[in-house]
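**Q** Sequence:
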Amino acid sequence: MATDPTDEGLHPAGDDENWQESAYLAWRDPRSGFGGNHRLGNELNRGTANLWCGVYHESGIRFRGNGEAIPLRRLDQMGVAAGSQRLFHDGNTLRFVLDGDECRLDLEIEDEGDRHYANAQTFSGTAGVAGTIFSNNFHVFCRVRGRVELDGMSADVDAPAWRDHSWGARRWDSFVSSRSFGAAHGDRRYRFASMVGVNGSFFRIGSVSEGGETLPVAQASMLVQVDDDSIRCPSAEVRYTLESGEVITVRIDTIGGMVGVTGQRFGWESVGDVTVGGKAGGWGFLETNLNPRNGQNPPVFVLADALTNGVVRVET
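Numbering-wise, my numbering puts 44 at position 40 of the sequence shown, and it's gapless, one number per residue.
Heads up, some of the hints might be wrong.
Unchecked claim - The calculated label-pair distances, taken between Cβ atoms and stated as ranges, are:
(1) 37 with 283: 18 to 24 Å
(2) 247 with 14: 37 to 43 Å
(3) 267 with 78: 19 to 25 Å
(4) 37 with 8: 32 to 38 Å
By construction, these hints were calculated from the structure, which means they are not laboratory data. These figures come from a predicted structure and were not determined experimentally. Beta carbons: idealized from backbone N, C-alpha and C, even for Gly.
Model the full assembly from the supplied sequences, consistent with the hints where possible.
**A** So this is what it looks like as structure tokens:
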């Protein structure tokens with residue numbers, strides 16, 4: 005699918021100081037053992053940028069880069085930059101480049117399938133009193149091809165990937181926890197997201213597609229395995245119930261991850277290998293935001309349990 009270069013550049017900024025534009029990329033190459041998560045955020049009205057960067061090898065080597073309130077850099081090409089990371093269209097190809105002293109990447113990106121568009125109304129649980137987490141967004145499964153260098157190791161990669169691009173006002177203090185998941189296994193593509201707003205609002209949504217056709221999902225939920233540090237998530241399972249009655253259990257086991265920090269957001273970014281119904285052969289990314297305020301505020305929402313004293317009745 006051809007990429008329109010204008011889709012990758014910066015959009016005209018509104019006058020809200022919280023206006024931001026960001027690009028996100030996750031990828032996993034089982035053949036070489038590498039994978040990574042990358043975010044490039046631009047806060048145009050503040051003249052600042054922020055970045056998350058994680059590159060991992062399944063042998064245990066990790067690279068992390070995180071930066072907040074760094075100087076904003078505008079590219080000559082259509083794209084977004086943050087620190088040592090650039091995602092841009094060079095006139096012929098969409099590319100992601102990381103120029104780091106300890107880690108370097110040069111990847112070409114090719115979208116696979118249709119883009120999916122969303123806005124704050126789609127995820128209305130985060131809109132209203134607390135503000136929005138994003139106003140406009142497109143996301144798409146894709147493929148990356150190129151070169152990775154990490155800690156003396158180097159490899160050519162040809163990897164399945166996922167990316168998104170968001171623009172609009174974003175209030176990092178509008179939510180207290182969130183989860184995001186995407187996976188590819190055979191001809192099927194899986195997505196899941198959930199979020200708790202500061203006002204106690206909650207949403208979760210899951211989708212399954214096959215061969216470009218969306219399968220009707222009646223219900224979706226996620227269970228995450230959390231390590232003793234209350235941050236790292238070695239694995240997770242997403243359970244999809246289709247309207248046909250078919251139940252699909254998708255599991256991701258992460259090969260590595262990093263902590264991405266921006267504003268009040270303190271989250272875990274990771275990629276890994278995916279099984280569906282116990283059958284291997286897929287990949288995915290897992291993003292969780294479990295403790296964004298370092299325990300300074302009490303929880304505002306809990307599933308199938310109580311936050312108040314006394315007797316309550318819950319739906320399970």
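**Q** Evaluate the given range 37 to 43 Å for the C-beta pair formed by residue 247 and residue 14.
**A** For residue 14 against residue 247, whose Cβ atoms are near 40 Å apart, the range 37 to 43 Å holds.
**Q** Hint says 32 to 38 Å; check whether the CB-CB distance for residue 37 and residue 8 agrees.
**A** holds (34 Å)
**Q** Can the suggested window of 18 to 24 Å be confirmed for the beta-carbon pair residue 37 and residue 283?
**A** With Cβ atoms ~21 Å apart, the hint holds.
**Q** Taking the beta carbons of residue 267 and residue 78, is their distance inside 19 to 25 Å?
**A** holds (22 Å)
Comparing the model with each numbered hint stated earlier shows that all of them hold.
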